[in-house]
Every structure is written in C-alpha cells, then in structure tokens.
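Undergrad: Here is how the chains run, residue by residue.
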Amino acid sequence: MRYLPLTEADRRAMLATIGAPSVDALFKDVPAAAVRRAPVDLPHHAGELSVERQLKAMAGKNLVAGEVPFFVGAGAYRHHVPASVDYIIQRGEFLTAYTPYQPEIAQGTLQYLFEFQTQVAMLTGMEVANASMYDGSTACVEAVVMATRVTKRKKAILSGGLHPHYAEIAATHAAYGDFTLDSAAADPEGLEDLASRIDDQTACVVVQNPSVFGHIRDLTPLANAAHAKGALLVVVVTEAVSLGALMPPGAMGADIVVAEGQSIGSGLNFGGPYVGLFATREKYMRQMPGRLCGETVDADGKRGWVLTLSTREQHIRREKATSNICTNAGLCALAFTVHLSLLGETGFTQLAALNHAKTSQLVEKLKAVPGVRVLNEAFFNEVTLVLPKDASAVVEALAQKRILAGVPAARLWPDHSDLKNHLLVAVTETVTDEDMDALVAGLKEVLA
Amino acid sequence: MTLLDRSQGRSARETAAETASVETFSGNRGLVLEEGLIFELGQPGRLGVDLPDAPQAPNRLGGLARRGGIGLPDLAEPQVVRHFTRLSQKNYGIDSGFFPLGSCTMKHNPRLNERMARLPGFSDVHPLQPISTVQGALELIDTLAHWLKTLTGMPAVAMSPAAGAHGEFCGMVAIKAALAARGESHRTRVLVPESAHGTNPATAAAIGFTVDPIPATTEGRVDLDAFKAKLGPDVAAIMLTNPNTCGLFERDIREIADAIHGAGGYFYCDGANFNAIVGRVRPADLGVDCMHINLHKTFSTPHGGGGPGSGPVVLSDALAPFAPLPWVVNQNGSYAVLEQAKAEAAQSFGRLKAFHGQMGMFVRALAYMLSHGADGLWQVSSDAVLNANYILASLKDVFSAPFEGPCMHEVLFNDDFLKDTGVSTLDFAKALIDEGYHPMTMYFPLVVHGAMLIEPTETEDKATLDQFIAVMRSLADKAKAGTAEAFHAAPRLTPRRRLDETLAARKPILRWVAPELAQAAE
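Protein chains in written order, with our numbering: chain G, 79 to 526; chain U, 2 to 523.
Treat the hints with care, since some could be wrong.
[Said to hold, decoys possible] Listed next, the in silico SDA-like pairs over lysine to any residue satisfying Cα-Cα at most 20 Å (straight line):
{"no.": "1", "chain 1": "U", "residue 1": "K397", "chain 2": "G", "residue 2": "E455"}
{"no.": "2", "chain 1": "U", "residue 1": "K343", "chain 2": "G", "residue 2": "K106"}
{"no.": "3", "chain 1": "G", "residue 1": "K443", "chain 2": "U", "residue 2": "R474"}
{"no.": "4", "chain 1": "G", "residue 1": "K361", "chain 2": "U", "residue 2": "L518"}
{"no.": "5", "chain 1": "G", "residue 1": "K139", "chain 2": "U", "residue 2": "V338"}
{"no.": "6", "chain 1": "G", "residue 1": "K445", "chain 2": "U", "residue 2": "P56"}
{"no.": "7", "chain 1": "U", "residue 1": "K150", "chain 2": "G", "residue 2": "K134"}
{"no.": "8", "chain 1": "G", "residue 1": "K398", "chain 2": "U", "residue 2": "V514"}
{"no.": "9", "chain 1": "G", "residue 1": "K443", "chain 2": "G", "residue 2": "E455"}
{"no.": "10", "chain 1": "G", "residue 1": "K134", "chain 2": "U", "residue 2": "D213"}
{"no.": "11", "chain 1": "G", "residue 1": "K139", "chain 2": "U", "residue 2": "W379"}
{"no.": "12", "chain 1": "G", "residue 1": "K134", "chain 2": "U", "residue 2": "Q136"}
{"no.": "13", "chain 1": "U", "residue 1": "K343", "chain 2": "G", "residue 2": "A249"}
{"no.": "14", "chain 1": "G", "residue 1": "K134", "chain 2": "U", "residue 2": "I132"}
{"no.": "15", "chain 1": "G", "residue 1": "K498", "chain 2": "G", "residue 2": "Q439"}
{"no.": "16", "chain 1": "U", "residue 1": "K150", "chain 2": "G", "residue 2": "H122"}
{"no.": "17", "chain 1": "G", "residue 1": "K361", "chain 2": "U", "residue 2": "V514"}
{"no.": "18", "chain 1": "G", "residue 1": "K398", "chain 2": "U", "residue 2": "D213"}
{"no.": "19", "chain 1": "G", "residue 1": "K106", "chain 2": "U", "residue 2": "W379"}
{"no.": "20", "chain 1": "G", "residue 1": "K139", "chain 2": "U", "residue 2": "E502"}
{"no.": "21", "chain 1": "G", "residue 1": "K361", "chain 2": "U", "residue 2": "R507"}
{"no.": "22", "chain 1": "U", "residue 1": "K150", "chain 2": "G", "residue 2": "A116"}
{"no.": "23", "chain 1": "U", "residue 1": "K231", "chain 2": "U", "residue 2": "A260"}
{"no.": "24", "chain 1": "U", "residue 1": "K150", "chain 2": "G", "residue 2": "P121"}
{"no.": "25", "chain 1": "G", "residue 1": "K398", "chain 2": "U", "residue 2": "A58"}
{"no.": "26", "chain 1": "U", "residue 1": "K231", "chain 2": "U", "residue 2": "E256"}
{"no.": "27", "chain 1": "G", "residue 1": "K361", "chain 2": "G", "residue 2": "G308"}
Derived from the structure by calculation, the hints contain no laboratory data.
Modelling step: build the complete structure from the supplied sequences, incorporating the hints.
TA: Okay, structure coming up:
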C-alpha cells in the first residue's frame with residue numbers, strides 16, 4: 079500500500095522491541111467483543127488510476143459552471159482565480175502545515191495571516207480583523223453571539239435581506255443557545271424599515287449589503303439608530319468583490335463586519351470550503367472569536383509573528399471561551415491574500431467596476447425580454463428579476479438548454495408563494511457578451 | 002526601538018553577529034530570505050492581473066460608490082509569487098519532515114487527493130445549481146457517507162459541519178433536540194473528563210449545558226466510580242474522547258456507555274482520535290450515540306496551516322431524526338436534497354452552515370478511502386498503533402511514561418526527566434526544532450504535569466522513528482549534562498529565534514498600518 083512505508087520485516091522488528099507477540103496484542107484494552115477479526119464490508123484498496131476513474135465518473139455527471147452561460151450567485155460567486163493562487167496554496171510548506179503553534183517554524187503561515195487580517199480590515203473599513211472563520215454564514219452567527227456578549231443583551235434583529243441560510247443558522251443557534259431573534263419578513267423590494275424595531279433589549283441589527291436580493295443601501299441611518307439605543311450594527315457581505323466598488327461598512331457605522339470571502343481566491347467547490355471574514359472595532363478586539371495573529375519581536379529584536387490573545391480561546395477558557403472554534407480556514411485565507419495581492423488596489427477596484435458594468439449591461443439587455451421586471455434601483459453584481467412564470471420551472475428549462483440562469487427564490491424561501499416568480503441573477507467578470515445574449519434568447523424562448 | 006519601527010524586520014545587520022557565526026550583508030541566510038510585508042513591497046502603477054476594459058453601461062451604484070482608497074499595494078505577478086514562495090520557506094509542514102504532534106494526526110497528504118478535488122466537476126459547481134445538474138456531486142457525498150457509516154457502524158451521518166468543533170456543536174445540539182422531543186429538557190448537565198479537548202466544554206457551554214468535570218484515575222482513564230457518582234436525572238450526556246488524550250483506550254467504555262444510557266443520557270464521543278481504531282473497531286460496537294470525525298486527521302485532508310477542516314457527525318437511530326439540514330437522499334436512483342425541516346426531515350434541528358458542507362474536503366477524504374480500501378484502513382490503525390508503541394518502548398527508560406500498558410496511536414510522556422536540569426519542557430521542544438523536527442504537543446493533556454504527547458502516525462517509516470528516537474535520547478543526555486543555557490537559547494537556526502508571545506498579547510498589533518498614518522497616530 080503506497081502510503082504505508084513499514085515493511086513486514088520492520089513490523090516484526092518493532093514488535094520485538096516492544097515485546098509484543100502481535101499488533102493485536104496492542105489492542106488488548108479494547109473490549110474483545112468490539113474488536114473486528116476482518117476488515118469492514120467496503121472495497122479493497124485501489125491504485126491511482128482506478129481512483130481517478132471512479133471519481134472522474136462522478137465528476138462527469140455534473141454540469142460544470144465554466145462550460146455554460148452561468149448566472150448563479152446568492153452567496154457564492156464564480157470569479158476567475160489566477161493560476162498563481164493555486165500554485166502557491168499547493169506548496170507543501172503551506173498545504174501540509176498545522177496551526178502555527180510553534181511560531182519559529184511557522185513564520186510563513188503567521189505572516190500571511192497578518193497580511194490577511196490587514197487586508198480584511200482595509201476592505202471592510204474596520205480597525206481589526208481575525209485570521210478567518212469557517213465561512214460567511216457561520217461568521218454571521220458568531221457576530222451575533224459576540225454582540226450579545228458586548229452589549230449584555232439577548233435579542234438580535236435580522237434583516238429580511240439576509241441570506242436565508244444565514245438566518246436559518248442564527249435560528250438554530252438561538253433555539254439552542256442563549257439569545258432570541260426578531261426576524262424581518264423577506265424583503266424583495268429593499269424597502270424594509272429596521273430602525274423602528276430597535277429597542278433597549280436589542281443587542282444587534284444584522285443587515286446584508288448588498289442584500290440577498292441585490293439591493294444596496296446607505297446603512298448610516300440604521301447605524302445611528304442602533305447606536306442611539308445602545309445596539310451594534312452587524313453588516314454581512316456575501317460578495318466580497320463588492321467591497322472594491324461600494325462604500326465600506328466601516329464608513330457607514332458598522333460595529334462588526336462579516337463576509338464570505340470565497341469570491342476572492344476560492345472556487346465554487348459546491349459550497350465549501352470557503353473562508354469567513356470577521357472585522358470589528360479595536361475596542362472589541364478581545365471579544366472577537368477565532369484565531370488572531372499578532373506582531374512581536376524575537377530574542378534578537380527582529381520583527382516576527384505569533385498567535386495571540388489566545389486567552390479568549392477554548393484551550394484556555396474552556397467553558398468560558400468566546401466560542402468553541404478551534405480551526406480557521408487557513409488555506410482559503412492564503413488563497414484570498416494571494417489573489418488580493420495580485421489584484422492590488424488598482425486591479426481590485428477595476429475588477430469590481432467590471433463586475434458592476436457587466437451586470438448593468440445585462441440589466442439593459444433584459445429590457446428586450448417581454449414580461450421580465452428588474453426589482454433593483456441600485457445594485458452591485460446581482461439583481462432580482464420577477465418573471466411572468468414560476469422561476470424554478472424556467473431555471474430547470476434553461477438548464478436543459480445548458481444555461482444556468484440563476485437561483486429561483488423558491489429554492490431559498492420555499493414557503494413564500496409570493497416569491498415563486500422571483501429569480502436571483504448574478505453577473506461576474508467571467509460572463510461574456512455571448513453568455514448574456516444566450517440568457518436573453520433563452521428567457522425569451524422559455525417565457526414565450 | 003518602538004513597536005512602530007517597521008524596518009526592524011528587514012535589516013538584521015546589527016543582530017546577526019550576536020546569533021550566528023556567519024554574518025551576511027542582506028540579512029538573508031542562504032536559501033532563507035528576509036521578506037517584508039506585502040504592503041511594504043508595492044508601488045502604484047503595477048498590476049498582477051490583466052483585466053479587460055469594462056463595457057459602457059450606466060452606473061447603478063445609487064450614489065454609494067467607495068470614496069477614497071483602500072490601501073492595498075500594487076504588485077506585478079512575479080513579485081507576488083516570489084513573496085509567498087519566500088514565506089513558504091519559513092514554514093514547516095508534513096512534506097518537510099516528521100511532525101509528531103500528538104492529538105493532531107499529521108500524516109502524509111497524498112497529492113492524488115488534491116488533483117481529484119480540482120476536477121472541474123467538483124470544484125467548478127455551484128451549490129445552488131439545479132439538483133438535476135449536480136447528481137455526481139450528490140453521489141460523492143452519499144458515497145462518502147456510506148463509507149463513514151460502514152466504518153463506524155452507525156446508521157446516519159450529518160455531513161455539513163465545517164470542522165471538528167463544529168461537529169461537536171452539531172452532535173450536542175442533536176442530543177439537546179432529542180432530549181426536548183422526549184420531554185426531558187431538564188437534563189442540562191454534561192459530564193466531561195478533565196483530559197478532554199478544550200473544545201468539548203466550550204461546545205457544551207455554548208449550547209447552554211452545565212459542564213461537570215470527571216477526574217482521571219492514576220491509570221489515565223475516566224474514574225468510573227466518580228463518573229457513576231455524578232449520574233442523575235439532570236445528566237444530558239457524557240463527552241468522552243476515545244482513545245483518550247493520554248493516548249489510551251478507555252477500557253471501561255462499554256460500562257460507561259451502559260451507565261450513561263441507564264441514567265437516560267447520551268454518549269457523545271469526540272472522534273478526533275479515530276485514526277487509532279479506524280477499520281478495526283466500530284464506535285457503534287462501543288455504545289456510542291454520536292461522534293464527529295475530523296476528516297483532516299483520520300482521512301488526511303491537508304491541515305493547511307489551520308484549516309479548512311471538515312467534521313461529519315455519525316448518529317445513532319435515536320439521534321438521526323434530528324440531524325441538521327440539508328439531507329442528501331437517494332430516491333429511485335436519483336439524488337435529491339432536503340433543504341427544509343419538513344417531510345422526512347421534520348424533526349431536523351435546522352441548519353448549521355450555508356450550502357452542503359466542505360465538498361472539497363469530501364472529495365479528498367473519499368479519494369484517500371478508495372486508495373486504502375477496507376484492507377488498507379485496517380493496516381492504517383495497525384501501523385499507527387505500532388509506531389506509537391515502538392516510540393514508547395524505545396524511550397521509556399529515559400522519558401517517563403506516566404501510565405502503564407500499551408498506548409494507542411500516540412504516546413504520552415511527562416517531563417520528570419528534566420527535573421533539576423534547569424531545562425523546561427518548552428526549552429526541550431525548541432531544541433528539537435534546531436534538530437529539524439516539529440516538536441510534539443506540549444503541556445497537553447492538562448492532567449499530566451509537563452506533558453509531551455507524541456503521535457507518529459502510520460505514514461512514518463522505521464528509519465525516521467529511529468532517528469527521532471536517537472535525537473530525543475541525545476537531547477535528554479545533553480539536558481542532564483547541565484547545558485541549560487544552550488536550551489534556553491534554542492531555537493538558534495530558524496528564520497526567527499524565540500518569539501515574545503507575552504509582548505504580543507500585552508500590546509496587540511493585529512494589522513499593518515502605513516508608517517505615515519502610524520506616525521500621525523502617535
């Protein structure tokens with residue numbers, strides 16, 4: 079077996095050193111009834127060629143995004159990731175390293191985490207950021223829990239523009255944890271009033287920008303209303319590229335910003351692994367969940383990096399820890415940092431502008447499709463269409479024509495019959511003019 | 002020198018002479034090159050990507066366009082590649098050498114798994130594409146689920162948890178939901194052995210349980226009498242790690258399972274150490290109700306410097322109905338995804354993560370499983386346990402083992418051998434770095450003073466172990482010979498010497514700030 083280097087001779091020699099008659103003897107503490115005498119009922123080992131064939135057969139049954147006109151978003155976005163990103167993250171010193179507990183031989187990981195934290199703080203317009211979370215959706219609920227800790231209040235108000243999966247995760251944690259939710263109804267028009275719901279029991283208001291329906295709003299009035307009542311504003315961003323074009327949440331008064339970082343550096347991967355961004359104000363630094371990398375000096379006075387403020391973490395505080403999180407999304411954070419470094423200030427703002435211009439271009443083209451209405455006044459790279467027909471059926475019909483047209487709102491809100499004709503459509507730099515024309519033609523045909 | 006002196010990282014001329022016999026002009030040392038932060042390397046006007054011009058289209062940003070710069074540096078592609086390559090050279094990974102980090106299971110990461118995860122049919126598929134267009138992806142999830150269920154003997158598995166600790170959360174919420182369904186929400190106490198991973202009590206507390214510790218015996222196992230004395234009508238569950246964090250199998254596990262079940266509670270098993278028994282012992286046969294599996298440990302998806310992980314949770318029949326959404330189900334030969342708590346998922350406790358879980362990790366884990374097969378996984382646990390016991394047998398005359406008997410896949414020593422030498426456990430670990438090894442886990446588990454937990458894993462050969470054993474013995478001899486000063490100075494051959502962790506915590510600097518802004522802030 080190619081991954082197992084011990085030979086039979088090695089095993090015999092080692093057993094002799096140990097003084098055990100067999101490997102079975104080393105399992106003597108296991109209750110005899112539970113020790114299996116033969117391997118479980120699964121296939122035997124296979125060579126590389128065979129494994130490749132088996133997995134390629136499965137992969138071949140999926141419709142690959144890059145092979146068709148593709149407009150699917152709603153929390154995960156198809157952007158072009160430069161080849162260098164994948165090269166760097168596959169370097170064994172990054173790929174096969176552990177959490178950097180021994181800083182002297184983990185300066186590579188620690189320095190990129192420090193760079194990542196800086197980039198996230200810059201993008202969000204906040205003062206400090208952590209070294210990443212599992213993904214945007216779990217980072218969102220961690221922000222709510224942190225807000226309850228900071229304010230010592232127990233209620234979170236969730237916007238109806240928040241991605242339903244994010245809201246459902248918060249609901250799970252509320253049901254089994256120590257806070258309550260006031261969840262607004264789905265907000266397809268982008269007109270909801272959250273400020274009036276805030277009271278002196280409110281720990282935080284959670285609002286997504288752009289919303290899951292694609293609306294962008296100035297959150298400054300909401301931030302002011304929250305602060306006037308002693309509540310925090312949590313801003314959720316599911317499309318990190320939008321931060322290159324839009325006023326950052328920090329400039330609109332956010333107290334905690336969480337984001338899905340997948341758009342920068344990571345592929346779609348059928349939903350994971352992704353990378354959660356988490357940023358806040360300096361005064362809440364010690365309340366942040368997750369790993370933090372900090373600057374320090376070594377015994378010679380040279381600049382270096384270490385994991386820090388770990389007294390907040392589970393291995394020190396155990397049942398009093400700020401969260402139970404132990405790992406971060408280190409490698410995806412590296413992909414984020416490499417991709418953003420390649421883009422730079424110039425490239426990142428250009429990429430964002432390109433995404434927006436293409437979306438705006440598609441919105442113009444959609445005017446040619448009878449019966450289709452675009453709900454958004456202002457948007458970044460995703461809009462909500464109202465179709466004259468059931469959107470799920472339209473999407474399925476277009477998928478049969480090898481066009482992936484977007485996410486039917488019914489996939490996310492199955493119980494809202496008023497949303498069954500709504501379709502979320504995302505456009506990134508990967509969409510070509512031909513793709514847009516194919517979508518417009520396909521819609522015309524299916525809706526006719 | 003102030004902390005805001007941002008140049009200190011790059012000019013080492015004034016310090017090199019003190020620390021090494023060879024002084025260099027640049028501060029570089031052979032292949033280990035000094036490297037500034039990415040923010041210190043940029044220059045406006047460079048680009049690391051070539052983007053097309055944006056089409057002419059109306060601006061629809063609603064007056065909310067970003068005003069002012071972000072602060073990101075501009076670099077060309079070669080500079081970026083060189084920067085991160087240089088950083089990589091300051092890192093130790095399992096590809097670099099032996100990584101005997103107990104409880105972390107650092108084994109070889111096959112590159113076939115990486116290649117498979119990058120097949121466009123897996124990597125370039127959106128989680129919200131029509132179900133009809135992702136049948137292969139769902140087949141992969143279902144196939145992996147089948148392997149996990151078969152290896153553990155459990156009837157159900159929740160695939161979505163993003164990491165081991167997330168899996169603990171999943172399992173404990175399932176237990177809470179099951180208790181509520183039984184009308185027994187008054188069960189709020191969770192028993193956690195003192196030797197547990199720190200995430201166990203943190204998880205239980207996050208879900209509103211009270212954590213009640215169970216002491217360990219002098220044999221390094223759960224004190225059965227103390228455990229039984231704590232059982233009562235308010236006990237929800239025990240969270241037990243098996244094999245435990247002392248590297249030992251809990252001999253009384255069946256009795257523990259029967260007792261907790263007899264008292265109306267559930268048995269949560271922390272499966273982080275599944276590596277030791279995979280293919281040979283099924284947790285279901287030990288009486289487990291619920292266990293998370295760290296795919297990155299047992300099934301070798303890369304740790305990636307801290308993540309991403311993946312923590313599927315196997316569940317007994319009693320807990321299965323409460324599994325989190327989504328559920329992948331096979332209906333008449335095609336796959337469907339239940340995304341809402343209704344129909345057959347009516348009792349699901351809800352969602353834990355957006356979308357379907359860590360798909361990229363699923364592909365890697367399944368590639369690893371298919372490569373090994375049932376016969377290979379049997380050999381995996383055999384060799385992991387053999388290697389650990391070989392180190393135990395080869396070092397126990399010098400390094401004191403606090404507990405008797407064979408260990409499982411990891412071996413625990415304490416630092417008694419360092420008594421009166423002036424060398425601390427930390428010093429010893431740092432000295433190992435100069436010898437080219439990643440140190441073992443130190444000061445964990447907490448139940449043993451000066452713990453040193455060594456996990457070789459099954460992918461190390463005998464020669465590597467023999468060399469490591471020789472190094473360990475030689476360092477122990479040196480420590481006893483009264484060379485404490487040399488140990489305090491270790492490591493001496495790394496890109497950075499001992500780093501000041503206290504300073505980092507006392508005056509936290511968590512981000513780079515442009516020098517002119519830092520100066521203005523002073």
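Undergrad: Return the numbers of the hints above that this structure violates; sort them in rising order.
TA: 1, 2, 3, 7, 8, 10, 11, 15, 20 and 25
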